[in-house]
Amino acid sequence: MKKNPTVELKLPVLKDMELVATQSSEVIAKHMSLSEEKSAEISMALIEACINAFEHSETKTEIFINFIISDDSLTIKVIDKGKGFDASSIPLPDIDDKLVSDKKRGWGLMLIKELMDNVDYESDHTGTTLTMVKNKNKDE
Amino acid sequence: MSKVINTESKDGLIIIYTDGYLNKDLGEEIQKIAYEHIENGELNFLLDLKQSNIVNSIGASILIEIIEKLQDVNGNLYLCNLAPIIEKTFNIMGLTKYCKTFKSQSEAIEELS
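One line per chain: the protein sequences are S and B, in this order. Counting from 1, one number per residue, gives the positions in the first sequence under my numbering. Counting from 1001, one number per residue, gives the positions in the second sequence under my numbering.
Pulled out of the complex, with its shape left as it was, chain B reads as follows:
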């Protein structure tokens, strides 16, 4: 079963760690966590997909909803540790135009903090 396995605050970022298939259920779980943090004024998110190597377009569409919400509050969603097929899928969709990607979490933190 896919799920969010951890959420932590680090260097000004809310880092969300996932495990498994990024489908509708996991997308909605990420969305719920992100929206709770946005309510608290935390606006910069790093989604670490190291343990998610498969996605579907429904899960990806929920990330678009999160990006839309973050645009309204001048926040950002960043992605790291993407499997090649997930990166390719997000590139085809144009999602990476609004969502900067990093090879690793350390690279993301170094550049963003």
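Same shape as in the complex, but just chain S:
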């Protein structure tokens, strides 16, 4: 059985390191002949996924990103060894509420779900794996 090509990154928890991940995703999207629009959506979702992993997991070391390339999709796994979280406990943000709230942030998960075709979380006290998929159109 053919093994899907995989790109693996290990990012230290340092400022703006999410841009290292987007540089990789842009190269991979080009390799897969994905549209510029899809490539930009992947980059944006990846930025938010990395920021969530950096900040909310409270991991102090590093995060891991796997890009799994297949004929019809790109699967990205963002893995941290942090404290874990319950995605169902995160309220859906609303701009009207945010404008009158002291807490303006909390958009990451919503953006990831809107920009990618499939999103799934596995999380416990030993860490979190976010899996997100962008499908390739037949004409790409």
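To be clear, the hints were calculated from the coordinates, so they are not data collected in a lab. Any given hint might turn out to be false.
Stated by the list, open to error - Here are some chain B residues pointing at chain S (derived, C-beta under 7 Å):
hint, residue
1, 1064
2, 1065
3, 1085
The beta carbon of each residue, even a glycine, is placed where N, CA and C say it ideally should be.
Fit chain B to the supplied structure of chain S, relying on the hints for placement.
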């Protein structure tokens, strides 16, 4: 490194030009400049993002803070020259509901002045 590259007053608008990643640092720099102008009674801002083609939700959240502040003083924040992914992100967040966007600076000035 991302930064505000220029600020100018034109046709009743304070135009803020950015360069690079609209993250927390750049958001806070925009916020500081905007709040200084608000203190001087200047209440209409056009943020020109021509040279910023990437954003994160932390930077965008700081724009929400600026919009909130401007609502208190009957001011406005407008946006122009948005990269498609930034426009899409701001649309998903609902930010464009409170922040009119323009394709170009000239289009913004023509309509707003």
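Status of the hints after comparison with the structure:
no., hint, in the structure
1, 1064, "holds, 5 Å"
2, 1065, "holds, 6 Å"
3, 1085, "holds, 4 Å"
This entry satisfies every hint, going by the numbered hints stated previously.
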